[in-house]
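Participant: Each chain, written out:
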Amino acid sequence: MKCPRCVQRIHRAASSCPHCGFSLGDADGRYGSEEVRLRCLTDSAGILRRGERERVESAMERISQRFPQVFVAIYTGSLGEVSNLRQFGFWLLNRSAFEDLPPDKPNEAGILISIDPESKAAGMVFGYLLDPFLDESDTFDCLSRAHAYWLEGRYADGIVRALAHLENVLVKKSRHARRDPEHFQRKVLPPAMMGDLVRRIRDGHRAPARLPQPDEEVAP
Amino acid sequence: MKPGRILAVWLFALGIATAARSASFSEPVLPSWADGEREAMEEGGWIAGSILLTDDPIPEETAAEESPPETAELDIAEPTAEEIAEPEEPDGEIPESFWPEYFGQRPESFLVDPQDLLSSVDFRDRLAFLNYHAGDSNIDLFVYLIKGGQEFPGEVREEELVERCFSTGRPAAVVFYFLGAPQRSMISLSPSLTDAVSSVEQRRALDSSVMQALEKTDPVDQFEAFLVQMSIRIYWMERMMGSERAEPSGEAYQVARRTEEGESHGLRDKIQPVLATVKPHLPVGLVVLSAMICGWVANFVLRRRVRYRFPDFDVEQRLGGEHAAGIGAVISFASASLPPASQRDQVPDYLRRM
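One line per chain: the protein sequences are X and Z, in this order.
No gaps in the numbering here: position 149 of the first sequence is 148 in numbering that gives the first Met the number 0, and each next residue is one more.
No gaps in the numbering here: position 277 of the second sequence is 276 in numbering that gives the first Met the number 0, and each next residue is one more.
Note that these hints are calculated values from the structure, not bench results.
Since the structure is predicted, the reported quantities are computational estimates derived from the model, not experimental observations.
Heads up, the beta-carbon is just placed ideally off N, CA and C, and yes, glycines get one too.
One or more of the hints may lead you astray.
[What the hints assert, rightly or not] Pulled from the structure, derived: some chain X residues nowhere near chain Z, Cβ distances all over 10 Å:
| # | residue |
| --- | --- |
| 1 | 67 |
| 2 | 102 |
| 3 | 134 |
| 4 | 172 |
[Said to hold, decoys possible] Simulated coverage check for chain Z against chain X, where a stretch passes if three residues somewhere in it have a Cβ under 8 Å from a Cβ of chain X:
| # | region |
| --- | --- |
| 5 | 177 to 187 |
| 6 | 306 to 314 |
[Said to hold, decoys possible] Which chain Z residues face chain X? A few, computed with CB under 8 Å, are given here:
| # | residue |
| --- | --- |
| 7 | 14 |
| 8 | 147 |
| 9 | 151 |
| 10 | 153 |
| 11 | 326 |
| 12 | 329 |
| 13 | 330 |
| 14 | 333 |
| 15 | 343 |
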C-alpha cells in the first residue's frame, strides 16, 4: 500500500503517511471538503460522444451485474499535473456522492477511473471492499490495456478494453477468494503481536482441540 | 433546219428500215435440191449432214422406238457396306520390313508412318498437331498410319502391342488409322486408362472421329479431320475422368504416380482399421459429442449469468479516507515512446532520474 502523494509504502492502518504526512485532509485542502454530487459516468472533459457513452455505460453496467457488490465510476476532466491524479482519485472516491447508485452500494465498493485528457494521464483507485483482493499491479494492468487506444485519442475504446480486463481480474480474484478466503483475510488483519505469532506456531504442531457439537451428548 | 432535228429524222428512218429488214428475214429460205442434184451427189458417195438435212427418220432411233430396250434381270446380290467400304484391291499384309518400326517398341514420335504414306509437309503438319495435343492434354495421342487396304500381320495383335509398349509413361490413346479408309480405324487405350474409360466411350470417340473424316473426300483431309475430332473426344475423356491437373511427364510421372499410389494405399491401410473400429460406435459418439456441445453451451450461458461475490472483510481506514485509501496505479499516455512497461515501477518524483 502506497501513499497517493509520495508513492512510498505505508502501514496498513496509518492515519497519515509516515513519509510525507499526507492524509485526506490535505486533499480536502486542495479540492474541497464538501461532498461532490456526480453520476457514475461524468464526462467533464467532453471526450465521449453519445454512442461512445452508451458503450462505456454498457461495460460499466456489465460489471455491476456480474459483481453485485461492486460498481465502476468514470470521471474525465482537466486536473493539471500528472502527479495530482492519484491524490484526486483518492479524494474523489471519498468525497463523491453518486446520484445514480442505489443506496446499498457504498463508495467502499467503487472502482474509480479518472482520465485527464489535458495532461494525458489516467488513474484507477478502488474502495476498501476490494482492498484485500486488488492491488496496484492489477489496476496498472487494466490501464495498460487501454494505453494504445488512449494514445490515439480513442478514449471510449480504451475504457471498454480496461473494463473488460478488470472484469477478468475480478472473476479470478472472486474464485480465489471463494476457494481460499484466508489468503485475502490475512492481508487486512491487524499486524500480529509477537505472542500471537508464537501461539500460532505452537498450535501448528498440535492437533486442534475438538469442540463438542451441539447435538452431541456430553458425559457428566 | 437544225442539225439535231436532222439527226433525229435520220435515226427514225434508220429504225423503220431495220425493222422492215428483220421482218423480211425472220423465216429464211432453206436451200432445196435441184433436179438430179441429189442423186448425183449420192452417187459420189457420202453427203455431209445428210442425216440432218433430210426429213427421213434416223435409222437407230427408229429401231429403238420399234423395239423397247431389254432390261437386264441379273441375279446378283447387292454389295454389302463392308464391300463398298473395302478397297477393290486389298494391299495385303503390312510388309515385314516395316514391322520393327510399327511393332518393335514404343514409338518416339506421336505419328508412326514408316511407309511414308504422307508427304513430308503433311507429315510435319499432322505431327505438329499431335505434339500440340500432347502439350495441352494429359492423354497423349499416338497414331499408326497404315495403307487403306493393308492388314495387320497375323502374328500381331493390337491389344498386345498397346499393353507392351504403352503400359509405362504418360497415359496414351493409340489409334491405328488406315489412310483412305478411316472406317477401318481402331483405338486402344493404355492400361492406365482402360479402367477409367469404358469401351463404349472409346467406341463413341472412334465413331465420331470416323464420321468427321468421312465428310472429306481427300485421304489427307480425312486424316486431319479424324485427328481433330479424336483430340476433342480425348479432351472429353479427360473431363469425364476429372483429371484436369497437369501430370508430370515420362519417368517422373511414373515415379510420382507410384509414390502417390503407395501413399494412398498406405494411408488407406492405416485408416481402414480405424474406420472399421469407429463405425459401430459412431451413433454413440455423435450423441456424446452433441451432449458435450450442449453442455459447453449451457456452461457458457450459465457462466455469463453467474454472479460473483467477494467476502466482506473489515478493513481499517487509512489516511483519513472513509471509503478508500487511494491505492491504484496512474499511467501516462502522453507519448508512444513511454510505454506502459516503463511506467510499472511508480516511484516518487524526487526519486526519478532527471
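Participant: Hint by hint, say whether it matches the structure.
Facilitator: Comparing the hints with the structure gives:
1. The beta carbon of residue 67(X) sits about 6 Å from the closest Cβ of chain Z, which is not more than 10 Å, so the claim that it is off the interface is violated.
2. At the 10 Å boundary, the C-beta of residue 102(X) stays outside the reach of chain Z, the nearest C-beta of that chain being 14 Å off.
3. Non-interface status of residue 134(X) relative to chain Z is broken: a Cβ of that chain comes within 10 Å, the nearest being about 7 Å off.
4. With a least beta-carbon separation of about 7 Å from chain Z, residue 172(X) fails to lie farther than 10 Å from that chain, contradicting its non-interface assignment.
5. Against chain X, the region 177 to 187 of chain Z contributes 0 residues with a C-beta closer than 8 Å to a partner C-beta. That does not satisfy the three-residue criterion, and the hint is violated.
6. For the region 306 to 314 of chain Z, the stated coverage by chain X holds: 9 residues have a C-beta nearer than 8 Å to a C-beta of that chain, and at least 3 were required.
7. For the restraint placing residue 14(Z) at the interface with chain X, the shortest Cβ-Cβ distance is roughly 107 Å, beyond the 8 Å limit, so the hint is violated.
8. Annotation: residue 147(Z) was flagged as interfacial toward chain X, and the flag is violated, the nearest CB pair being 85 Å apart, outside 8 Å.
9. Checking residue 151(Z) against chain X: minimum C-beta separation of about 83 Å lies over 8 Å; hint violated.
10. The closest approach between the C-beta of residue 153(Z) and any C-beta of chain X is roughly 89 Å, which is over the 8 Å cut-off, so the hint fails.
11. Using the Cβ-Cβ criterion of 8 Å, the hint placing residue 326(Z) at the interface with chain X is satisfied: the shortest such distance is roughly 6 Å.
12. Annotation: residue 329(Z) was flagged as interfacial toward chain X, and the flag holds, the nearest CB pair being 4 Å apart, inside 8 Å.
13. Interface hint at residue 330(Z): satisfied, since its Cβ lies 4 Å from the closest Cβ of chain X, which is below the 8 Å cut-off.
14. Proximity of residue 333(Z) to chain X holds as hinted, the smallest CB-CB distance being about 4 Å (cut-off 8 Å).
15. At its closest, the beta carbon of residue 343(Z) sits 6 Å from a beta carbon of chain X; the interface hint therefore holds under the 8 Å criterion.
Violated hints, listed in ascending order, are 1, 3, 4, 5, 7, 8, 9 and 10; each of the other numbered hints is respected by the structure.
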